[in-house]
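Chemist: The chain contents come next:
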Amino acid sequence: MAPVEIRGLSKRFGNVLAVDDLSFDIEAGRVTGFLGPNGAGKSTTLRALLGLIIPTAGTALFDGRNYEKLQRPSAKVGAVLEDASFHPGRSGRNHLKVLAVSGRHPLERVDLVLEAVGLTAAADRRVKGYSMGMRQRLAIAAALLGDPEVLILDEPTNGLDPPGIAWMRGMLREQADRGRAVLVSSHLLAEVAQSVDDVVVIARGKMRAHGPLEQVLGGGEGPATDVRSQDDAKLERALREAGFTVTPLPNGGLIVPGVSPTDVGVIAHDAGVYLVGLGQQTRSLEQAFFALTGEELTAE
Amino acid sequence: MSALLRAELLKLATTRTFVALVGAALALSLLVVVLVSILSDNFTEDDARDLFTADFTGMFITLLGVIGMAGEWRHRTITSTVLAAPDRIKLLSAKVISYAAAGVVLSLIVTLTIMLVGTIILSARGEVTAAPADLIDVLWRNLLIAALLGALGIGIGGVLRNQIVAIVGVLFVAFVLEPTLFGLVPEVGKFGPTGGGPGGIAQTPGFDGEEVDYLSPGIAVLVMFGWIGVFYAASAARLRGSDLV
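Taken in sequence, the protein lines are chains R and W.
Each residue of the first sequence is one higher than the one before, starting from 226 at the first, in my numbering.
Each residue of the second sequence is one higher than the one before, starting from 48 at the first, in my numbering.
Next comes chain W alone, as it looks inside the complex:
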């Protein structure tokens, strides 16, 4: 299993996709943090803490997971991958763990960078900065969300093997379906895999700073495990029963 994990991580490190997504996630997260740090006034400790939940790693690592799995079919590399690792369930598990780890790395880079830059700007402007305990609290939540979404992305990519369909589907759910559902039926929306669950773990505030009726972090983690379990099982069943012609 460790060889498979190392191979999957090496795959990630040897294409430009991972670097591009790290760059994009970092740029977007920094843009938001820098603008808010510069343009907003009268920060409270809570504001300073909430600023660093602006880690946009989640969407990028989800897409990275989707590409990591669906891309095996797009580039027809699934054959050589399965030849090297014929136990398909072990292979899928290695991918899930690898992309969870990649999510942690990606989020660690982004969160630490925005924390550093945001804190420097707030300090320079004489604004209140987040307490170290709050920073640690935000950090572990961001890392956990990224790990869960990396694993989820692999599951989605294993079910929807058409990479374009999978990416468009994830974006539609994340930016259209879940927000709409959250607005209309929040009792259902808060169980969503791309917004509700991660929001519950992060306890991200609403746009107006109001508290949102998220699931508690513990329940949100369980819900995310449920989504991952569903997609993992469907992906495993599909992979196991497939003829690779």
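Chain R with its partners taken away, still in its complex shape:
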């Protein structure tokens, strides 16, 4: 059983179907990027997952249980939502203390997570004096307070400076390496491409793609191979005889979807064709995103 299972999740606000029959799992030990244009339904999905929004249909379960049925939810799931808000008159440390008490976590965890996010020096200042980046770090500290098995982060790099973004990337990887399941929504595609193992792409509330990053980048048939040879025509015949689809490129070379460079190399060897170039062709995440969501390149 995956630590997070979403099945047939839908949410309607009046006449608007914000989330339409989404189903996917989040696996332990992996960082899953949750992508979609503005208004795609990402935040609604995450809030439904966390019990903040009541779904119209479907389920979102953590180890088979709704969030609100978890015994100690913050020990199971840590969440950073896009508009993390704090009482402006309360210090960062006291905010975390309140959460530690309500979540029945040892108060020692407060100092540990403050140190982990680099807020120890500012911990006793009131939150109204925090910068946006500091507030984001405080939200992350709150999410880490219960040392949760699942981390859900909605646009976690908002407000972070470049060192903060690099820190965030390292933190996500470290959490996944410790066996945590991490779901991170972001509109920063380049950032996501460097951080994630799996990708879920949605648009207009519907699932557009879900799977390992390489698979989604490679399109529906997986990665394609870009091959250049001294006799493209002969190689093309050999590849077609082997059952592959081949697309000749205008300036020479072939694109062969759904096959690895190693297999193309073997076929070329068997056909007696000398290769002058061989490599895996992948779309950039941005190209894949726009192709999957149907968004214009000017979007976001």
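None of these hints come from the bench; they were simulated from the model.
Treat the hints with care, as some may be off.
[Claimed, not checked] Derived EDC-like pairs: lysine to aspartate or glutamate, alpha-carbon spacing no greater than 16 Å straight-line: (1) R:LYS301 to R:GLU252; (2) R:LYS294 to W:ASP93; (3) R:LYS431 to R:GLU252; (4) R:LYS301 to R:GLU374; (5) W:LYS137 to R:GLU293; (6) R:LYS459 to R:ASP495.
We have chain R; now place chain W onto it with these hints.
Modeler: Just chain W now, with coordinates in the frame of chain R:
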């Protein structure tokens, strides 16, 4: 539940609002007690007893409750609060109990202080002071009223989530609507949540010292429980059915 209660009390203790309201309630109550103790003469035991019903905690703890609940929306902290405590009814119940307890603490501080100061002034002036039994009688009534109004404030704040609207609404009911109703239709006014019910529990005298036609203390407590129940139920229904977007 105990963790939630402790968390709510910690929330109260970690902002300046509670300290400010304690200070304001104490200052106002002391001002009235000191002025009356100094400027009035020929105190009877009843006068000395009634002096200590001048605990202005009630209005402040009501407002504190309103702020404690409506403030969750104002500062958008309701999301993190519900994430930490996803059972929304349990969360609301914890808030109700916490603010009732806060009311008791607030009233205890104010009532004991005004009793001490008032008794010292009356003794120094050679006036009659309240008997210990009367002081205890006033004390438990004040504490009970503060506890009930703290709980009521949470219910009101859960129904009227706009903090400004909720505060203005409570002040309007307390200082305009209920006094007017009490003056025009006392049979109805005495059932009010901010004046009638608490007045029935305290049996506060009128301005001229005349007895007021309040409900009996027992009935007044039941009426207050009724008001709390109505606002709690409405607040619970609203909280339970809300999407926190």
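Chemist: Would you pick out the hints that fail for this structure and give their numbers low to high?
Modeler: 2, 3
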